[in-house]
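**Q** Below are the chains, spelled out letter by letter.
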Amino acid sequence: MTGLSVGEKLFIQGGIAQDLRTDGRKRLTYRPIYVETGVIPQANGSARVRLGGTDVIASVKAEIGRPSPMQPDKGKVAIYVSCSPTAAPMFEGRGDEELSAELSIALQRCLLGGKSGAGAGIDLSSLVVVEGKVCWDLYIDGLVVSSDGNLLDALGAAVKAALSNTGIPRVQVAADTTGEDQPEVDISDEEFLQFDTSNLPVIVTLTKVGRHYIVDATSEEESQMSSAVSISINRRGHTCGLSKRGGAGLDPSVILDMISVAKHVSEQLMNKLDSEISAAEAIEDDS
Amino acid sequence: MEYVSPEGLRIDGRRPMEMRKLHAEMGVVAKADGSAVFVMGNTKVIAAVYGPREVQNRSQQMSDQALVRCEYSMANFSTGDRMRKGKGDRRSTEISLVVRQTMEACILTHLMPRSQIDIYVQVLQADGGTRCACINAATLALADAAIPMRDLVTSCSAGYLNSTPLLDLNYVEDSAGGPDVTVGILPKMDKVTLLQMDSKLPIDTFDNVMQLAIEGCKAVATYIREVLLENTKQLEYHRGV
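Going down the list, the protein sequences come from chains R and C.
Here the first sequence is numbered in the numbering used here, starting from 1 and rising by one per residue.
Here the second sequence is numbered in the numbering used here, starting from 1001 and rising by one per residue.
Chain R extracted, bound-state conformation (with noise of 0.2 Å):
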């Protein structure tokens, strides 16, 4: 983002200071969600998901692969975020290493949970094919085509209606699975399981300016602040990750408090993506 003018910075400041922002919303406002599913036919699941200038593409590829030996009742998930040039020059070449690494790990913390897998938001019992032997690897891989702030709520967003439009083959295994040796797998190419994403997290980033947070802050925003807080929350309103980036501090109550806001901001988002995921799988179905 090139550089604001002193005027431009005021401007921003003080709108979030008196809650009307630059493009006339209220702090915890969100821009209009768009999201389109099936949009890369090779994937087992995908999504693209615009949140006014964010564009953001999830993409969700499944492997047959083997359990690690110290889970072995638990598929295995690996999300990786890359940043394309296309959406700032600045991601030429190396350039998009440090904040595609940055969203990959805020993401996996948010929705993979504890290094035990515990407390996961995508269910990984359920990627088991045969316990310690056969099980599922689901590669989800984001792309940022396009980037004007707030692309880790894009991403999870992205993420949960890539998964919903996931259909994972059914398996069959050979009979004797008592060997040793890797039991033979039948994959179907025609039937699939759809996956369960009504546990899975929504994420709210609350972006400080001043004394004020934000929900769902514009590039420009952003270049305001001075520390953001990520929450991803469930459906039953549980919190399941969290991470703080900037470098301002924060006082302890002041994140509690963005705790309950971010509650009460992810109901209305989680209700608002739901909506448009179930709708843009029906233009899916019909086409």
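It cannot be assumed that every hint is accurate.
[Claimed, not checked] Quick list of in silico lysine-lysine cross-link-like pairs, DSS-like style, CA-CA up to 27 Å:
(1) Lys1233(C) <-> Lys1218(C)
(2) Lys244(R) <-> Lys263(R)
(3) Lys76(R) <-> Lys133(R)
(4) Lys272(R) <-> Lys1218(C)
(5) Lys1031(C) <-> Lys9(R)
(6) Lys26(R) <-> Lys263(R)
(7) Lys244(R) <-> Lys272(R)
(8) Lys26(R) <-> Lys1031(C)
(9) Lys1233(C) <-> Lys1188(C)
Hints in this document: simulated from the structure, not taken from any laboratory.
Position chain C relative to chain R; hints supplied.
**A** What follows is chain C alone, placed relative to chain R:
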């Protein structure tokens, strides 16, 4: 393997001289100065143009013309098997170079001295003919960014399998090992700006295949012109003219 059935149909049901379905849209990346998405069948490419703007690296600045740069990247999910490759492998570097040289040949660089134009192409889905799609997308994106050009550049590929010249190869046909001729032309000036071929081909057959590819380029040019016209009409409408 049989790539053309006795009835004269290809694997995906096309006739030998038929192109895949084309679709293009302009202005898809809000923050870029110009952008376009170009779809050829299952191949889908986004191009974004930034510039003309100040040269970022002073030592590359030229006092008599603009600096044109290009970067090609493929999304992890773009191919059938998921890949985890970093940017800047040899293939990407080569395609970046090809696209840059082709576009540089048609941009009126002498009108914008001391400035830089960046073209970024991102492959979302790869199903053969990515470099053609990249060039077509880049042309539209440059037009969207209102960068002066001599002519549109359009590109299309053709091959030769089962003793039949085939237009616009898809991935399966491309990896069949036969010759793959990629041509880029300036349709109004009737000049070839890009020509690549791998594998060998008798010279009189080559002429046929190249002519077919040129016909493909002209068809693409007609479509691109339609898209541009439609886009201009929309702009006019939004201005209330």
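**Q** Hint by hint, note whether the structure agrees.
**A** Hint-by-hint comparison with the structure:
1. Lys1233(C) <-> Lys1218(C): Status holds; Cα separation ~22 Å.
2. Lys244(R) <-> Lys263(R): 16 Å, holds
3. Lys76(R) <-> Lys133(R): 13 Å, holds
4. Lys272(R) <-> Lys1218(C): 45 Å, violated
5. Lys1031(C) <-> Lys9(R): Holds, because 19 Å separates the two Cα atoms, which is no more than 27 Å.
6. Lys26(R) <-> Lys263(R): Holds - the C-alpha atoms of Lys263(R) and Lys26(R) are around 17 Å apart, at most 27 Å.
7. Lys244(R) <-> Lys272(R): It holds: about 25 Å lies between the C-alpha atoms, which stays within 27 Å.
8. Lys26(R) <-> Lys1031(C): Distance ~23 Å between Lys26(R) and Lys1031(C) Cα, so the pair holds.
9. Lys1233(C) <-> Lys1188(C): Given pair Lys1233(C), Lys1188(C) holds - Cα atoms ~22 Å apart, limit 27 Å.
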